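If you're matching them up, the sequences are chains R and G in order. No gaps in the numbering here: position 174 of the first sequence is 174 in this note's numbering, and each next residue is one more. Positions in the second sequence are counted from 1; adding 278 to them yields this note's numbering.
I should point out that these hints are in silico values taken from the structure, not numbers from a laboratory. Please read all numbers here as calculations on a predicted model, not as lab measurements. Please note: incorrect hints may appear among the correct ones.
Derived lysine to any residue pairs resembling SDA-like cross-links, with alpha carbons at most 25 Å apart [to be verified]:
1. Lys349(G) - Leu70(R)
2. Lys103(R) - Phe116(R)
3. Lys103(R) - Asp407(G)
4. Lys386(G) - Ser414(G)
5. Lys409(G) - Lys104(R)
6. Lys162(R) - Ala411(G)
7. Lys524(G) - Asp407(G)
8. Lys104(R) - Asp407(G)
9. Lys383(G) - Asp293(G)
10. Lys349(G) - Pro165(R)
11. Lys104(R) - Asp293(G)
12. Lys409(G) - Pro189(R)
13. Lys432(G) - Gly45(R)
14. Lys432(G) - Leu458(G)
15. Lys349(G) - Phe116(R)
Single-letter residue listing:
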Amino acid sequence: MAVETTTRAKLRWGVLDVVVVVFALVPVLWIASLSFKTPATLTDGKFWPREWTLENYRTIFDTDQFVRALINSIGIALIATAIAVVLGTMAAYAISRLDFPGKKLLVGVSLLIAMFPQVSLVSPLFEIERQLGLFDTWPGLILPYITFALPLAIYTLSAFFKQIPWDLEKAAKMDGATQGQAFRRVIAPLAAPGVFTTAILVFIFCWNDFLFAITLTSTERSRTVPVALQFFTGESQFEDPTGAICAAAVVITVPIILFVLFFQRRIVSGLTSGAVKG
Amino acid sequence: MADIVLDKVSKRFPDGTTAVQDVDLEIADGEFVILVGPSGCGKSTTLNMIAGLEDISSGELRIAGERVNDKAPRDRDIAMVFQSYALYPNMTVRENMAFPLRLAKMDKETINQKVEEAAKVLELTALLDRKPANLSGGQRQRVAMGRAIVRQPKAFLMDEPLSNLDAKLRVQMRTVVSRLQKQLGTTTVYVTHDQTEAMTLGDRVVIMRGGAVQQVGPPQELYDHPRNLFVAGFIGSPSMNFLHAKVEEGRLRTALGDVPIGERVRRELEAGDAPRELILGVRPEHFEDAALIDDETRARGVEFEAPVDIVESMGSDKYVYFTVEGERATAAELEELAADAGAADFAGAGSNLVTRLSAESPVREGENRRVWFNLEKIHLFDPGSGRNLTLHEGRSAGALAD
Numbered sequence: 001m002a003v004e005t006t007t008r009a010k011l012r013w014g015v016l017d018v019v020v021v022v023f024a025l026v027p028v029l030w031i032a033s034l035s036f037k038t039p040a041t042l043t044d045g046k047f048w049p050r051e052w053t054l055e056n057y058r059t060i061f062d063t064d065q066f067v068r069a070l071i072n073s074i075g076i077a078l079i080a081t082a083i084a085v086v087l088g089t090m091a092a093y094a095i096s097r098l099d100f101p102g103k104k105l106l107v108g109v110s111l112l113i114a115m116f117p118q119v120s121l122v123s124p125l126f127e128i129e130r131q132l133g134l135f136d137t138w139p140g141l142i143l144p145y146i147t148f149a150l151p152l153a154i155y156t157l158s159a160f161f162k163q164i165p166w167d168l169e170k171a172a173k174m175d176g177a178t179q180g181q182a183f184r185r186v187i188a189p190l191a192a193p194g195v196f197t198t199a200i201l202v203f204i205f206c207w208n209d210f211l212f213a214i215t216l217t218s219t220e221r222s223r224t225v226p227v228a229l230q231f232f233t234g235e236s237q238f239e240d241p242t243g244a245i246c247a248a249a250v251v252i253t254v255p256i257i258l259f260v261l262f263f264q265r266r267i268v269s270g271l272t273s274g275a276v277k278g
Numbered sequence: 279m280a281d282i283v284l285d286k287v288s289k290r291f292p293d294g295t296t297a298v299q300d301v302d303l304e305i306a307d308g309e310f311v312i313l314v315g316p317s318g319c320g321k322s323t324t325l326n327m328i329a330g331l332e333d334i335s336s337g338e339l340r341i342a343g344e345r346v347n348d349k350a351p352r353d354r355d356i357a358m359v360f361q362s363y364a365l366y367p368n369m370t371v372r373e374n375m376a377f378p379l380r381l382a383k384m385d386k387e388t389i390n391q392k393v394e395e396a397a398k399v400l401e402l403t404a405l406l407d408r409k410p411a412n413l414s415g416g417q418r419q420r421v422a423m424g425r426a427i428v429r430q431p432k433a434f435l436m437d438e439p440l441s442n443l444d445a446k447l448r449v450q451m452r453t454v455v456s457r458l459q460k461q462l463g464t465t466t467v468y469v470t471h472d473q474t475e476a477m478t479l480g481d482r483v484v485i486m487r488g489g490a491v492q493q494v495g496p497p498q499e500l501y502d503h504p505r506n507l508f509v510a511g512f513i514g515s516p517s518m519n520f521l522h523a524k525v526e527e528g529r530l531r532t533a534l535g536d537v538p539i540g541e542r543v544r545r546e547l548e549a550g551d552a553p554r555e556l557i558l559g560v561r562p563e564h565f566e567d568a569a570l571i572d573d574e575t576r577a578r579g580v581e582f583e584a585p586v587d588i589v590e591s592m593g594s595d596k597y598v599y600f601t602v603e604g605e606r607a608t609a610a611e612l613e614e615l616a617a618d619a620g621a622a623d624f625a626g627a628g629s630n631l632v633t634r635l636s637a638e639s640p641v642r643e644g645e646n647r648r649v650w651f652n653l654e655k656i657h658l659f660d661p662g663s664g665r666n667l668t669l670h671e672g673r674s675a676g677a678l679a680d
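The whole structure should be built from the sequences, with the hints applied where relevant.
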């Protein structure tokens, strides 16, 4: 009886999983398939391209516009992620370990920032950045990205810090470590999975942002890929850029996948097991 | 190595509670001192203050003659073993043990040599390259000890280091700890809530209750001459029997019959503020089957008869449980002890009496048995203050002393 239920339950879960995965992946595969089609067969409605071509990829990498946007995207997202994760780690450590006045307020305000609709900030930000000369620069995008990514980083990381046994830090202090050494050599390595998880989330947020990128940039100088795609046209006005846009879409998915794969290996659970008993 | 002196050390928390109250304690160089008491008695807080993990609210702490109140833990040169072991899970056993040495910036060769040495003492050599996650509880415990001994600190602090082990291993590790301490001769402060550990391990035992020290002394002295009701009830397993006793016509009326009292106790009771009701304390081993004793011994005690509840034969002797009628002994200390043992709502009607009789006793469950107890070994306590009235100049002489 019990075995039967588990087999049936497994089957049910399996089917459900497949449905979800297919539902999520079909559009992605479709885009990938389109990117390999020639302009002539683009609209034939076949899932599997009849004629394979790499022409679309060649096109996008031949245009300065796309390459430049790709560099902007990578640079901006990496810098914003790095700063947000470092600041977030320190803030989360303080929140989870220390009792300081205004702690609740700080947590509340950061939650507020995360809930604030970004679209309502776009016009004021546009004005502010123009006044400050940040408009259409890398810092002009990095700063708002950090602002919106920080609450997320703090939340994820403080959850991780709370899992690390307090005793480890005390032990490190007894072993002769300063507060800084205890953090760097004992706590930080254990918080690594949390840091990487946060880094992935923040990076994806920065990489995918369209709203800030389109309002706070005006030229190739700092335009990121999601926006550049919008301005994508073919070689000539009359050429249909669908294939090229699809190719670009595939290309900008690749860094995310690489990033996640790279860090996923480091997100191993159970890193703190064996530290304390009970 | 060094002595540790606590001079009127207190700990008050910001919310106004006092965790530790004016603790005076001198721990000699190389001494093994146990802090023991029920949970919440302030023993761990005291240890943490010695370690430097908690601030000292008032009083002075001196290690090797030097005031260390304001020193960070790392500047006190003491090592600590935690109840949870607190091993660094990302490091191997070797790295765990080398950690304090690396922080002390020793050269690699010395570190290696010291780690190997400590590993040999604790029989950890084969495990040096494992991670803590792959070790058993007892092995982790040994690594935690290894991390403490490896840098030869001035003192060891141990916070219930054995309480996470299963019973058998705990007994085994107890001897390991004891031997290690003797071998190294390092001043050790050991916190436990287990009175057996306290009795077996320490040179001296400090019994704490509600943040205050109740009595300090060698285990046997605490056992034989408890200063108050709390110490008497806490030390000993099975614990001392407590019975209600009423002073009437120069005798004590108890559920075990009338008990005569000697001159000294009489004088105590003649004082104006002396209590009319007392608590009589008898340890289980001071009972004996009345059929098994000679007349000379018989004269030193009194006899009573009671129905036998349960007989537990231990081989070497028998634990016999009686139920005796009459008023139960009540005092704040006893309630606290019962609550700590988790037996507060478990007492039932009447008083339960635990006795340890000779294995030769033919006692059987259900029968009425005549039992003798030694008056020279009994204690009388004031239920209000908990004071031991039979104690004279730190020695307890029973009820009959003149």
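Check each numbered hint from earlier against the structure, then list the numbers of those it violates in ascending order. 1, 3, 4, 5, 7, 8, 9, 13, 15
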